[in-house]
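**Q** Spelled out from the first residue to the last, the chains are:
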Amino acid sequence: MNRLRAILRPNRPELRAALILGFLMVAAGTGAILWLQTFKIPEECFSGQDLGGLCNPYQATMLAYGDAMSTVGNPAAISTLVAPIVVALVMGIAALAREIEQQTTNFAWSIAPSRATWLRDRMVPILLVVLVLGVAGGWLGDILMGLRQRGVDPWRNFEGLGLRGPAIAATALLVFGIAGLVGAVVGRQLPALLISGAVIGFGVYGAVTVSDAWVQGDAQVGTYDQIVIGDKILDSLIRTPEGEYIAWEEAYARYGSQLDTINYEGTDNGTGLRVATRYVPGDRYPAAVARLSSLLGGGGLAAIALTFLVVHRRRPY
Amino acid sequence: MIRTWGLTKRYRRRSALSDISLEIPDGGVTALVGPNGAGKSTLLKLCIGFERPTAGRLEVNGADPVRHRDHAIASIGYVPQTASLYRDLSVLDHLRLAGAIRPGFDPTHARERLGPLGIPVTARVGELSGGEQAQVCLAIALGTRAPLLLLDEPLANLDPLARRDFLRVARLAADDGTTVVLSSHALSEIEDTADRLLVLGEGRVLYDDTVAHSIATHRVIDTDAELDGVEVVARFPGRADQVHILARAGSAARGRSPSLEEVVLGYLAEARDQAAEARNRTTRGQEAAA
Numbered sequence: 000m001n002r003l004r005a006i007l008r009p010n011r012p013e014l015r016a017a018l019i020l021g022f023l024m025v026a027a028g029t030g031a032i033l034w035l036q037t038f039k040i041p042e043e044c045f046s047g048q049d050l051g052g053l054c055n056p057y058q059a060t061m062l063a064y065g066d067a068m069s070t071v072g073n074p075a076a077i078s079t080l081v082a083p084i085v086v087a088l089v090m091g092i093a094a095l096a097r098e099i100e101q102q103t104t105n106f107a108w109s110i111a112p113s114r115a116t117w118l119r120d121r122m123v124p125i126l127l128v129v130l131v132l133g134v135a136g137g138w139l140g141d142i143l144m145g146l147r148q149r150g151v152d153p154w155r156n157f158e159g160l161g162l163r164g165p166a167i168a169a170t171a172l173l174v175f176g177i178a179g180l181v182g183a184v185v186g187r188q189l190p191a192l193l194i195s196g197a198v199i200g201f202g203v204y205g206a207v208t209v210s211d212a213w214v215q216g217d218a219q220v221g222t223y224d225q226i227v228i229g230d231k232i233l234d235s236l237i238r239t240p241e242g243e244y245i246a247w248e249e250a251y252a253r254y255g256s257q258l259d260t261i262n263y264e265g266t267d268n269g270t271g272l273r274v275a276t277r278y279v280p281g282d283r284y285p286a287a288v289a290r291l292s293s294l295l296g297g298g299g300l301a302a303i304a305l306t307f308l309v310v311h312r313r314r315p316y
Numbered sequence: 000m001i002r003t004w005g006l007t008k009r010y011r012r013r014s015a016l017s018d019i020s021l022e023i024p025d026g027g028v029t030a031l032v033g034p035n036g037a038g039k040s041t042l043l044k045l046c047i048g049f050e051r052p053t054a055g056r057l058e059v060n061g062a063d064p065v066r067h068r069d070h071a072i073a074s075i076g077y078v079p080q081t082a083s084l085y086r087d088l089s090v091l092d093h094l095r096l097a098g099a100i101r102p103g104f105d106p107t108h109a110r111e112r113l114g115p116l117g118i119p120v121t122a123r124v125g126e127l128s129g130g131e132q133a134q135v136c137l138a139i140a141l142g143t144r145a146p147l148l149l150l151d152e153p154l155a156n157l158d159p160l161a162r163r164d165f166l167r168v169a170r171l172a173a174d175d176g177t178t179v180v181l182s183s184h185a186l187s188e189i190e191d192t193a194d195r196l197l198v199l200g201e202g203r204v205l206y207d208d209t210v211a212h213s214i215a216t217h218r219v220i221d222t223d224a225e226l227d228g229v230e231v232v233a234r235f236p237g238r239a240d241q242v243h244i245l246a247r248a249g250s251a252a253r254g255r256s257p258s259l260e261e262v263v264l265g266y267l268a269e270a271r272d273q274a275a276e277a278r279n280r281t282t283r284g285q286e287a288a289a
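Taken in sequence, the protein lines are chains A and B. Residues in the first sequence are numbered from 0 upward in steps of one, following numbering that gives the first Met the number 0. Residues in the second sequence are numbered from 0 upward in steps of one, following numbering that gives the first Met the number 0.
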């Protein structure tokens with residue numbers, strides 16, 4: 000324990016700031032969750048269906064709940080996303096760019112026989128802090144999503160994919176890895192911060208693009224009435240009387256004004272045409288979030304591995 | 000302790016070290032001297048693995064600092080040109096940090112060096128003077144109990160008293176069996192400390208011998224003296240702008256014994272004269288060709 004404290008002593012200010020930010024994030028998230036749970040509204044009232052006047056006495060409470068979600072729940076959800084990423088960025092820059100800029104690596108690398116061990120001893124505890132914060136943020140984000148769309152299991156809901164749950168921890172890992180790598184290469188804090196921001200942007204965009212393409216592989220086609228809240232809707236189609244699914248443009252070319260009378264509830268309007276949807280069922284969310292998290296986290300781990308390589312080869316100044 | 004074979008280091012177009020082969024034996028204090036850009040710091044940085052050779056080979060305590068940096072660094076205590084300490088951390092924090100990252104680090108030994116100098120271990124490094132920071136660096140380097148101490152111009156920013164303290168500690172370490180390599184410009188001050196003299200200039204070794212032998216085998220002669228039979232090294236500007244001649248002491252020995260500074264100045268002047276002559280030859284050759 001004393002050894003760990005000694006190794007992390009140069010990063011104590013950032014670690015303290017990270018813990019304070021983490022505490023505020025947890026306090027904000029937990030506070031919002033507890034407050035939102037004090038609204039006594041039957042779950043059925045969130046379904047959006049007419050329940051024969053059951054929910055009429057709760058109209059005012061539901062409006063207050065919506066206001067509470069807007070003013071407190073959503074900012075708290077944003078904090079669960081932002082705090083781990085900010086902490087990861089700051090810690091990643093402080094881990095190497097600052098050391099090299101202030102030339103304290105001259106001291107550390109002349110004392111430590113193995114730079115890899117030095118880097119491992121510093122990175123692992125900091126990374127753990129970043130990951131714990133990311134996991135906590137992601138977990139709170141999931142709960143807040145459950146309160147935002149009541150009655151829908153957040154793990155069967157594509158809403159907010161990548162902005163909550165394990166993807167937060169994975170994004171924090173990516174941010175920390177890239178900030179550390181860029182810091183090791185550039186060796187200057189401000190340029191490293193700016194370049195890291197750009198690289199992280201590209202990294203996240205790339206992971207989300209690949210993940211989206213991957214998710215499309217799970218798509219199904221069904222009529223509109225088969226869709227439930229939480230499914231990811233990719234495209235709207237028309238089912239012909241023969242059971243063929245075609246695009247709207249093609250349907251207009253074939254059926255013209257018959258489409259004007261089509262209703263979206265999925266019931267037949269007498270023409271045999273029905274609105275259909277290409278969608279990914281909500282129960283594919285765990286696989287989707289696992290794949291996205293793997294991409295983001297894998298990128299982070301790759302960046303950390305490259306950081307070891309750079310530190311092994313570079314000058315300490 | 001340190002051996003090089005054809006060691007060369009280039010920074011883009013500038014050559015810092017050119018094909019140098021040398022050996023610094025175990026024990027004593029070796030003074031590494033030369034003008035700015037002579038390659039002194041580069042040589043020390045190559046030894047500790049901060050730089051990689053462009054060509055040639057280097058061994059520190061039998062280990063190649065490029066291939067086996069871990070082994071090389073394990074035998075080195077290093078004091079850089081400017082104290083690269085954490086300004087917000089106390090001296091004690093540094094000792095603890097060194098203990099955490101360096102197996103076998105002896106904090107007690109380091110503290111023993113700092114005690115007599117009146118440097119409180121609880122003081123923040125940022126509050127210490129440049130001399131005190133250099134002493135902290137030296138104390139940490141000594142705390143590594145490494146058999147080789149590389150001191151890269153540590154005297155540059157120190158006042159005369161701090162220089163004395165620093166050199167005294169370095170001398171004590173050498174007396175305890177540590178090999179000390181001290182790069183410095185303060186020639187007059189290291190004369191009493193150094194056992195061996197290694198002069199670098201123009202990226203090569205200009206002179207390499209023990210201090211005692213260097214002084215015993217050279218003479219300083221006035222310019223108006225008879226030079227028949229005298230092996231002149233070079234003319235160099237001495238005190239009060241008076242030109243002196245450094246000569247190798249032979250059968251025709253005359254003049255007086257040189258100081259260490261005069262030996263170094265003589266060999267630097269010789270290197271400068273040779274470089275000027277080489278440039279003149281090149282210019283004459285180009286003119287003839289034109």
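Calculated directly from the structure, the hints in this document are not laboratory data. All values reported here derive from a predicted model rather than from experimental measurement. For every residue, glycine included, the Cβ atom is placed at its ideal position computed from N, Cα and C. Check before you lean on any hint, since a few could be wrong.
Restraint-style ranges between C-beta atoms, simulated for each label pair [claimed, not checked]:
(1) H212(B) with R314(A): 35 to 41 Å
(2) R314(A) with P146(B): 20 to 26 Å
(3) T281(B) with R314(A): 32 to 38 Å
(4) W4(B) with F22(A): 56 to 62 Å
(5) R167(B) with L189(A): 26 to 32 Å
Okay, the calculated bits of chain B under chain A, using three or more residues with CB under 8 Å as the criterion [said to hold, decoys possible]:
(6) 46 to 57
(7) 91 to 99
**Q** The structure should be examined with respect to each hint, and the outcome stated for every one.
**A** Going through the hints against the structure:
1. In this structure the supplied range 35 to 41 Å holds for H212(B) paired with R314(A), their Cβ-Cβ distance being about 37 Å.
2. Our hint of 20 to 26 Å for R314(A) and P146(B) holds, since their Cβ atoms are close to 25 Å apart.
3. Taking 32 to 38 Å as the suggested C-beta distance range, the pair T281(B) and R314(A) conforms, at roughly 34 Å.
4. Take W4(B) and F22(A): their Cβ atoms lie about 59 Å apart, and the range 56 to 62 Å holds.
5. Range check, R167(B) to L189(A): Cβ separation about 42 Å, and the 26 to 32 Å hint is violated.
6. For the segment 46 to 57 of chain B, the stated coverage by chain A is satisfied: 3 residues place a CB nearer than 8 Å to a CB of that chain, which reaches the threshold of 3.
7. Proximity of the segment 91 to 99 of chain B to chain A, defined as three or more residues with a beta carbon under 8 Å from a beta carbon of that chain, is established by the 7 residues found.
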